[in-house]
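Start from the sequences and build out the full structure, keeping to the hints where you can.
2 protein chains.
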Amino acid sequence: MIQPRTLKGFRDHLPAQALARERVLDVARRVYRSYGFAPIDTPALEYLEVLTGKGSEETDKQLYRFTDHGGREVGMRFDLTVPFARFAAQHVNELGLPFKRYHMATVWRGENTQRGRYREFMQCDFDTIGTTSPVADLEMVLVVHDLLAAIGVERFTIRVNNRRVLGGVLGRLGLAAQATGVLRSLDKLGKASPEAVAAELAAQGVAESAAATLLEMAALSGPAEQVLGRLAELVGEEGPGAAGVAALRGIIAGAAAAGVPAGRVVIDPGIARGLDYYTGIVLESFLDDLPSLGSICSGGRYDDLAGLYTKQPLPGVGASLGIDRLLAGLEELGQGGGPETPAQVFLAHFDAAHLADYLRIAAALRRAGLAVEFFPEPKKLGQQLKLASKRGIPAALVIGGDEFAAGTAQLKNMAAETATTVAWHGDEQILLAAVRALLATRG
Amino acid sequence: MIQPRTLKGFRDHLPAQALARERVLDVARRVYRSYGFAPIDTPALEYLEVLTGKGSEETDKQLYRFTDHGGREVGMRFDLTVPFARFAAQHVNELGLPFKRYHMATVWRGENTQRGRYREFMQCDFDTIGTTSPVADLEMVLVVHDLLAAIGVERFTIRVNNRRVLGGVLGRLGLAAQATGVLRSLDKLGKASPEAVAAELAAQGVAESAAATLLEMAALSGPAEQVLGRLAELVGEEGPGAAGVAALRGIIAGAAAAGVPAGRVVIDPGIARGLDYYTGIVLESFLDDLPSLGSICSGGRYDDLAGLYTKQPLPGVGASLGIDRLLAGLEELGQGGGPETPAQVFLAHFDAAHLADYLRIAAALRRAGLAVEFFPEPKKLGQQLKLASKRGIPAALVIGGDEFAAGTAQLKNMAAETATTVAWHGDEQILLAAVRALLATRG
Numbered sequence: 001m002i003q004p005r006t007l008k009g010f011r012d013h014l015p016a017q018a019l020a021r022e023r024v025l026d027v028a029r030r031v032y033r034s035y036g037f038a039p040i041d042t043p044a045l046e047y048l049e050v051l052t053g054k055g056s057e058e059t060d061k062q063l064y065r066f067t068d069h070g071g072r073e074v075g076m077r078f079d080l081t082v083p084f085a086r087f088a089a090q091h092v093n094e095l096g097l098p099f100k101r102y103h104m105a106t107v108w109r110g111e112n113t114q115r116g117r118y119r120e121f122m123q124c125d126f127d128t129i130g131t132t133s134p135v136a137d138l139e140m141v142l143v144v145h146d147l148l149a150a151i152g153v154e155r156f157t158i159r160v161n162n163r164r165v166l167g168g169v170l171g172r173l174g175l176a177a178q179a180t181g182v183l184r185s186l187d188k189l190g191k192a193s194p195e196a197v198a199a200e201l202a203a204q205g206v207a208e209s210a211a212a213t214l215l216e217m218a219a220l221s222g223p224a225e226q227v228l229g230r231l232a233e234l235v236g237e238e239g240p241g242a243a244g245v246a247a248l249r250g251i252i253a254g255a256a257a258a259g260v261p262a263g264r265v266v267i268d269p270g271i272a273r274g275l276d277y278y279t280g281i282v283l284e285s286f287l288d289d290l291p292s293l294g295s296i297c298s299g300g301r302y303d304d305l306a307g308l309y310t311k312q313p314l315p316g317v318g319a320s321l322g323i324d325r326l327l328a329g330l331e332e333l334g335q336g337g338g339p340e341t342p343a344q345v346f347l348a349h350f351d352a353a354h355l356a357d358y359l360r361i362a363a364a365l366r367r368a369g370l371a372v373e374f375f376p377e378p379k380k381l382g383q384q385l386k387l388a389s390k391r392g393i394p395a396a397l398v399i400g401g402d403e404f405a406a407g408t409a410q411l412k413n414m415a416a417e418t419a420t421t422v423a424w425h426g427d428e429q430i431l432l433a434a435v436r437a438l439l440a441t442r443g
Numbered sequence: 001m002i003q004p005r006t007l008k009g010f011r012d013h014l015p016a017q018a019l020a021r022e023r024v025l026d027v028a029r030r031v032y033r034s035y036g037f038a039p040i041d042t043p044a045l046e047y048l049e050v051l052t053g054k055g056s057e058e059t060d061k062q063l064y065r066f067t068d069h070g071g072r073e074v075g076m077r078f079d080l081t082v083p084f085a086r087f088a089a090q091h092v093n094e095l096g097l098p099f100k101r102y103h104m105a106t107v108w109r110g111e112n113t114q115r116g117r118y119r120e121f122m123q124c125d126f127d128t129i130g131t132t133s134p135v136a137d138l139e140m141v142l143v144v145h146d147l148l149a150a151i152g153v154e155r156f157t158i159r160v161n162n163r164r165v166l167g168g169v170l171g172r173l174g175l176a177a178q179a180t181g182v183l184r185s186l187d188k189l190g191k192a193s194p195e196a197v198a199a200e201l202a203a204q205g206v207a208e209s210a211a212a213t214l215l216e217m218a219a220l221s222g223p224a225e226q227v228l229g230r231l232a233e234l235v236g237e238e239g240p241g242a243a244g245v246a247a248l249r250g251i252i253a254g255a256a257a258a259g260v261p262a263g264r265v266v267i268d269p270g271i272a273r274g275l276d277y278y279t280g281i282v283l284e285s286f287l288d289d290l291p292s293l294g295s296i297c298s299g300g301r302y303d304d305l306a307g308l309y310t311k312q313p314l315p316g317v318g319a320s321l322g323i324d325r326l327l328a329g330l331e332e333l334g335q336g337g338g339p340e341t342p343a344q345v346f347l348a349h350f351d352a353a354h355l356a357d358y359l360r361i362a363a364a365l366r367r368a369g370l371a372v373e374f375f376p377e378p379k380k381l382g383q384q385l386k387l388a389s390k391r392g393i394p395a396a397l398v399i400g401g402d403e404f405a406a407g408t409a410q411l412k413n414m415a416a417e418t419a420t421t422v423a424w425h426g427d428e429q430i431l432l433a434a435v436r437a438l439l440a441t442r443g
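Chain order of the listed sequences is A and B.
Position one of the first sequence corresponds to residue 1 (our numbering), numbered consecutively onward.
Position one of the second sequence corresponds to residue 1 (our numbering), numbered consecutively onward.
Just so you know, not all the hints are guaranteed correct.
Identical chains blur together in the list; that is why a pair holds if it fits in one copy or across any two.
In silico BS3-like pairs for lysine-lysine, Cα to Cα no more than 30 Å straight-line [unchecked claim]:
| hint | residue 1 | residue 2 |
| --- | --- | --- |
| 1 | Lys-379 | Lys-390 |
| 2 | Lys-54 | Lys-8 |
| 3 | Lys-8 | Lys-61 |
| 4 | Lys-311 | Lys-379 |
| 5 | Lys-191 | Lys-54 |
| 6 | Lys-54 | Lys-188 |
| 7 | Lys-311 | Lys-386 |
| 8 | Lys-390 | Lys-311 |
| 9 | Lys-188 | Lys-61 |
| 10 | Lys-311 | Lys-8 |
| 11 | Lys-380 | Lys-311 |
In case anyone wonders, no lab produced these hints; they're calculated from the structure.
Right, dumping it as structure tokens:
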């Protein structure tokens, strides 16, 4: 016998988890589409040269790689951005520009599982390429907003910054050449204390007064107008810093015009995003009731997506929903969980002689759009209902020989543990209405 | 520069293809759920010992396998049945029985691509385990029917047989010991001529009269009652053969009770399914207008799913939709194709000074459930509309400064190349109604 087990860092999704994930994927698909983003898919396996040297030294090390049957060196994708870069370079002429795509798919990283990370997880990316328009930046913010609202997250904040503002401030402080190191240090704020970050900056040779300005800037909060006013002072009246402040002003105004409730999008000059390739807007988003979870949806603008594969410059902007992190957060907040089955109605198999009647009833309810579980065997009723209850099916119909003769049915509210008798006299539409009324009363 | 290319046997899905696939997956999900099947997911990678020796010598050879970072021998799943067997054995106590699952996921096989096959493709399986009830068999037939009907396939036939009928006939002909070889030969009918199959049977030592009976049986067609009547004569009055005929009778009666149109499900004693593990009902389904495509959804009943992983017997029944084959078939029939974007409305970016107005309009249409593509830059109108037309967006709204002043908008029917003027006076609901009316008129 072979021991049934999964690899370390990999996991099965049982129905309750899989249903929760399908629900979020479905919402993401709907929101992405509502902005005209189109789905694409790319292979799980790519030529190794497409994948290596694109992320960091760490992602190279974590890559699942091997030699295939044809002697080719191949690797499993570790994110959806690198395959999209290859895809865009390969198909740009067919696609036309600007091009907006979403991609929801599994990626693999041989990470150290000690940190509670998985080696297989899902990413849900959306990007607009082929335009430098600030409208595309704004649309990213709007999509993230609509997405989190549609998923049903009640309290969340989208934190926005612009790399050009950071660049402008660094320039005025004479730190332009050290930008990468300084941004990496600032990115630690939140996890590390301001004092620790100040010490790191000092170690990089940043003067005390400059470090103080950077920490003041990163800590700015409050109404957008106030934050933007102080940033305008810090960056001066001209140059990329001033353009960055103007771009942020446009994001706030655009979000308001599109009907985003005030306070959902805030300017946070402390958002740096550790990745070197961002050049404009950067965005992170947090559950207000669980900020320690980290950002659940992050992104930004980059200058060129596919420079390694094509000479055609492909600037873009996009973000990625961390669906596994979000689901873990919702569960921690008590908003996770749910039934183990999509079935809404359990139809008990009570009297084998009435099989044709059961089939007719199930078919009628299904035609009306309900999900019906019909128990396959005429087992003891108690056993049948126990399974229906364990799985969280909200309604159950019990119709035995006597009920068929009398034209009645027992309709059970499984959560409330109550039952009513429905006089349906062979008319499935009456049963349907009764089931619908029960389902409509659920909290 | 790195050449942007995909591995041999692998392919990208561009938006038109990806949208078509998402549409079918969505229908499959809805139909599977309507019968109470619940989603699960398993890892793409499994311990090698879980995967090898489960399919055939061929699948073992085609397996993508390697040694991971921790020195473990691993493989990529080549189907969804073997991982389900491992999953069921591992989690049966949590799941409860009977258990109904669907699983829609990618699998990999290092096949010879000469035959036009891909090395990465998707499977959409559903199975009921933990019951031997004929109702579960019937439900498989009903799900396949509802699935193909809901996908919009107009003309299809579900062909059903029962291995016990085949067994019964072989028993009466004294060929029980040679069943596997004989079934494998019979399975070639359709691809090979009856004469070629007869020659193969003769080579196995099957007497000429017995071969004639087998070929007569396999060719039986016509009304179910007629086919069942002849089968009843062939199998005799008792034993597994007679039970198989009775089971087929139950399938025909059950399908009728559930409202399946007559003629959609037929008894076809020629369906053998080459796989050894089927023990009861077997099913294949075909597009009537493209039978040469082969079966697009196939399945059957098996005695024990997970015997290699657990001592608990897990009998089951299920089928698998070949989504890539189906999509290829629909395309061949001219029912494929479709737009390159989910967007229903294109909103031209005509006058940058009215950005806030465009954002308000787009938001209002999206809130009403429409998918709106707003062009990110105020480029030349002709260029914008050309892209909208190429992508197949059905409606376009053009509102410039003059129109805003006059309270009007130009609404274009992109396919018909007509335009109307809508007097909306700043009320987005009027625009919405006009767009909806246009979308409703599409063929």
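Results for each hint:
no.	hint	in the structure
1	Lys-379 <-> Lys-390	within (17 Å within a copy, 58 Å between copies)
2	Lys-54 <-> Lys-8	both (26 Å within a copy, 22 Å between copies)
3	Lys-8 <-> Lys-61	both (17 Å within a copy, 25 Å between copies)
4	Lys-311 <-> Lys-379	between (68 Å within a copy, 23 Å between copies)
5	Lys-191 <-> Lys-54	within (26 Å within a copy, 48 Å between copies)
6	Lys-54 <-> Lys-188	within (23 Å within a copy, 49 Å between copies)
7	Lys-311 <-> Lys-386	between (64 Å within a copy, 25 Å between copies)
8	Lys-390 <-> Lys-311	between (58 Å within a copy, 25 Å between copies)
9	Lys-188 <-> Lys-61	within (23 Å within a copy, 49 Å between copies)
10	Lys-311 <-> Lys-8	between (41 Å within a copy, 25 Å between copies)
11	Lys-380 <-> Lys-311	between (70 Å within a copy, 25 Å between copies)
Hint compliance for this structure: no hint is broken.
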